[in-house]
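Respectively, the protein sequence lines represent chains A, B and C. Residue 234 in the working numbering is what sits at position 234 of the first sequence, and the numbering runs on without skipping anything. Residue 27 in the working numbering is what sits at position 27 of the second sequence, and the numbering runs on without skipping anything. Residue 37 in the working numbering is what sits at position 37 of the third sequence, and the numbering runs on without skipping anything.
For the record, the hints were derived by calculation from the structure and aren't laboratory data. Among these hints, one or two may not hold up.
[Unchecked claim] Simulated pairs of lysine to aspartate or glutamate, EDC-like, Cα-Cα distance not exceeding 20 Å:
#, chain 1, residue 1, chain 2, residue 2
1, A, Lys116, B, Glu126
2, A, Lys12, A, Glu193
3, A, Lys12, C, Asp4
4, A, Lys190, B, Asp125
As the structure is a prediction and not an experimental result, all values here were calculated from the model.
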Amino acid sequence: MWQWFHKLGSPKWFFGIATRFMPWLLAGGILLLAAGLIWGLAFAPEDHRQGNSYRIIFIHVPSAFLAQSIYISMAVAAVVTLVWRMKLADVFVKAIAPVGLIFTFLSLFTGAVWGKPTWGTWWVWDARLTSMLILLFLYGGVIALDRAINDEKSAARAVAVLVLVGVVNIPIIKYSVDWWNTLHQPATFKLTEKPTMPMEMWLPLLLSVLGLYLLFGWLTCIRMKTEILIREQRTRWVRELVMAGGK
Amino acid sequence: MHPIRKKRLTIVLFLVAGLAIAVGLTTYALRQNINLFYDPSQIAAGDAPMDVRIRAGGMVEEGSVVRDPDSLKVEFRVTDFSASVPMEYVGILPDLFAEGQGVVAMGRMDANGRFIADQVLAKHDEQYMPPEVAEALERASKGQHKAADAEKAAESAAY
Amino acid sequence: MAFDSFSAFIVMEGHGPYVWACYAVFALLVAGLMIWSVKRHQSVIDACQRRYVHDAKNSRRPAHKASATFTRVEISQD
Chain A
1 MWQWFHKLGS PKWFFGIATR FMPWLLAGGI LLLAAGLIWG LAFAPEDHRQ
51 GNSYRIIFIH VPSAFLAQSI YISMAVAAVV TLVWRMKLAD VFVKAIAPVG
101 LIFTFLSLFT GAVWGKPTWG TWWVWDARLT SMLILLFLYG GVIALDRAIN
151 DEKSAARAVA VLVLVGVVNI PIIKYSVDWW NTLHQPATFK LTEKPTMPME
201 MWLPLLLSVL GLYLLFGWLT CIRMKTEILI REQRTRWVRE LVMAGGK
Chain B
1 MHPIRKKRLT IVLFLVAGLA IAVGLTTYAL RQNINLFYDP SQIAAGDAPM
51 DVRIRAGGMV EEGSVVRDPD SLKVEFRVTD FSASVPMEYV GILPDLFAEG
101 QGVVAMGRMD ANGRFIADQV LAKHDEQYMP PEVAEALERA SKGQHKAADA
151 EKAAESAAY
Chain C
1 MAFDSFSAFI VMEGHGPYVW ACYAVFALLV AGLMIWSVKR HQSVIDACQR
51 RYVHDAKNSR RPAHKASATF TRVEISQD
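Work out the full structure, taking the sequences as your base and the hints as a guide.
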């Protein structure tokens, strides 16, 4: 177990594994996402109350899922950074924070555009929407803090602490719709319970969620590889690798 | 585990736990401000302030919507099934506004206990289904009523 | 297909602008994020490559210079 853990901490080992997985992640991600979105856009039946505007769910829910999952994984990596001082964990946080920012923005944007025809407003300061906006600021703060500190080690620690402080926001996002009165409805797509939509709506949603997770995996690999190259450029293995074509 | 790492892990866990408690207590203390709207029962109990802009939310009572034929004025009752509040609103309602569906209205209570709304938002639930399924469900529930009625009628006829 | 015609698919009973705006922004940002990541990766590889080539030249030059001074000294002795 510990041996595996230390192996995972080796940038060179990760670089090789990531290179091997990337084509599969990319192909699977594009395939599943395209299938889910085309199915959802053109073939899934319309909703009995919202009509066709509900089709935004096929990008809104996957984006929101990722926005939160990325933050949770960043928090796990932050603990590893603080406790074990594993460099790769910090590389991970740095590589995916911008991805999390983009997906949080996407879930807010698609939510606003969806809210206009269904609720009658673009934005309302309810607990779900506000906590999601805080998540956007947290991602922005993590990226800014990392850029503001030049020393790699102190930046890693400061960022890890900020990520951990922000993690209390995650259960607030998830349970806001159950704990308080909100305009936002409770979750439709749950992994643990029976879905509140029929199969021909739920399956395309599942495909898009899985596809976007795979694409996120691909993004993680390539962005971590970039960060590893920058940090390890003085080592021999990177030198040999780059001179051999960078594969 | 190395003792230094164990110590660091404990510090990290304490940090997160302490923070979670602090945030938990704060949100608990502020829960009334975090709630987007007041329930009809809270309004009926007098929890909602008078003459201040507040939000009220609940279900539009079945059969309570009265549209003014000459203007955009609409009157309806909003209920949470234990209390209900009369509301009036002048303006265009969102497409999803319907009897038996959720709404959140912004406005103020007047002296007569009526809620004068200046904005009405539709609140939808997490149930999605194709129109045919919704119709079938409705028919089924009506059918059940009919069947139950027929049964009752048959019973009373038998007596 | 849930729509009778292509134009019905585009209009979506009036919800078209909302739905298509969302999908357009989503496609744009996700594709942009992927392309940006690939480009950045490539530019880092290129920068490393340039640096290694540059370093290799530099490390050869001092050796060359040393031998040159050595020869110059020899020449001056002549």
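Evaluation of the provided hints:
no. : hint                   : in the structure
1   : Lys116(A) to Glu126(B) : 17 Å, holds
2   : Lys12(A) to Glu193(A)  : 41 Å, violated
3   : Lys12(A) to Asp4(C)    : 55 Å, violated
4   : Lys190(A) to Asp125(B) : 15 Å, holds
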